[in-house]
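Just so you know, the sequences run in chain order V and Y. So the first sequence is numbered by the numbering used here: it starts at 876 and just counts up by one. So the second sequence is numbered by the numbering used here: it starts at 138 and just counts up by one.
Partial chain V-side listing against chain Y, Cβ under 10 Å, derived:
hint	residue
1	R1074
2	A1077
3	L1081
4	N1086
5	F1088
Okay, the calculated beta carbon distance ranges per label pair:
hint	chain 1	residue 1	chain 2	residue 2	range
6	Y	Y148	V	F1070	20 to 26 Å
7	Y	R217	V	I1045	55 to 61 Å
8	Y	K211	V	M1049	43 to 49 Å
9	Y	S145	V	I889	40 to 46 Å
10	Y	G201	V	A1056	50 to 56 Å
Keep in mind that the hints were calculated from the coordinates and are not lab data. Ideal placement from N, C-alpha and C gives every residue a C-beta, glycine not left out.
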Amino acid sequence: MSFSLSRVLRDTFINLWRNFQYALAAILTVIVSLSLVGAALLVKQGVANATVEWSHGVGVSLWMNADASNSEVNGISTQLKESSLIQSCNYLNHNDSYNLLKSLYANQPVVISAFTVQTTPTIFNCVLTNPNDALQVYNQFSHQPGVYTVVYPGQEIKTMEKITSILQIIMLGMALLMVVASLVLIFVTIRMAIFSRRREVAVMKLVGATNWFIRIPFMLEGMIEGLIGAVIASLLVFGLRNIMGNLVKNTEKLGSSGQPSLLSATVATSHEAVIIGIILIVSGAVVGGIGSFVAVRRFLDV
Amino acid sequence: MIKFEKVSKSYKSNRNKALNELTLEISKGEFVFLVGPSGSGKTTFLKLLLREERPDSGQIWVGGKELGSMGSFKVPYYRRNLGCVFQDFRLLPNKTVHQNVAFALEVIGRSKHVIESKVGQTLEIVGLGNKAHRLPNELSGGEQQRVAIARAFVNRPLILLADEPTGNLDPATSQGIMRILDKINRTETTIIMATHDVGIVNMMRRRVIQLDKGSLVRDQQRGIYGIDESDTVEDRLTGAVKAVTADTTESELTKGRRRNRRNTEVAKSLIAGFDDDLDEIG
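Could you put together the complete structure from these sequences and hints?
Shown next as structure tokens:
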């Protein structure tokens, strides 16, 4: 028994065309659901990237009082060197920190004029051995003599993670509902396709066409609907990534601080976007395949 | 060729058995009429042969294979040995005559070359060679049924099942259909035809199997339709007379004899009742 591929494909596309309205509804639902999945994955990846970037790059900053004595500064410096929590530190003296201040607030001369070299606090920028220890460093150093404050990004990252994880759960939940909707719609579409070809199917059964010969065009139809939706959804996700990327680039230009923006880390790389695209396309085919397989099993039995 | 052994079948919706311990045998190349009132089990008989249904008990052998125990993946290959014709033709309205017939070969994976030669040849047999590119709705009922017969026969099946193939056709057209079926029968194709068409059964004089409430009540070589209240006087008379003669010639038949005797009695009383008419006609 030879399956003629061209015949199977022709049947599939004739089905798609005859059921155009249902197929369209199914494809649109697949697009929406998989776009949501893709966006959720994009955000998840972005947050993961950002968390890594932030915790590695910044570590902890110890701001000294502007009028801290040399002995106080030396004491802190020694303690930092001896602490096992700290990997290394970079000390910005009055001049260095004043320069940083000037570059950060270049377009706000009012802020700069409020400081002189001597009134600008000196800063220890430290990299942590373990990024999660930021709170311990805070507790240990913030009440030491001469320390104005200890700045660490951990808390913000944690809040950020919490918000985005809730956001992700909501997005994934909605996406899941939409995936179920696409499954049902593909199921209905294939059921309609079977119904509209019931005469042919009856004749095929009668003259002894094998079950798979009858089933395959319908299953292919469902898979193609899923695939078309998935391809469009992944294009949308690529587009979303590029829009995010451009926005971040523009923000960086505006800031012109010279430092790499933390935001840039939140954009997933194009490599990651490709992986997300592949995931979406595979899930589209799977959703289409499952929906049509169930329909075929229920409505095309011998 | 075909052998039913104590085959019973009932449906969930109905307490009465559709077939009740039916036993019979049909040999290769026979032409069999299946008669009986609606609900007598004719369609069930055909469905069992098609393996659309399985028997509740008993065995059905076709060409040495037992249908009840046949795996469902083998059923399509089994069905390639059967052809099927129905009262309502069941043609595909969007395909031409040629495409309708070719479809039966395409979907079982025959090569284009084979399809071309066989379809043309078969359309000639049914006398539609000149209408190959018409659509079904451009044809008369009789022509449509001939397309259906061509589709059933194009794969040269061993058995042709026909469920009231003349049910929608006028008598003259029906005779044309019967001539084609007869022609096909002469190619050693076994034909089993369920029918209510008295004229045709009486004209053809082939084996008649009569079912009633799922049981075999008559199995007669060169038989006639039987007794039907709606027949004309003449039809009823010839039918009754032939039923009597038929009964005397089938003394070897053991199954369903009691039923037959009852039929005979009915026939005899009918003959008595119509004696006068007979005289007048004579």
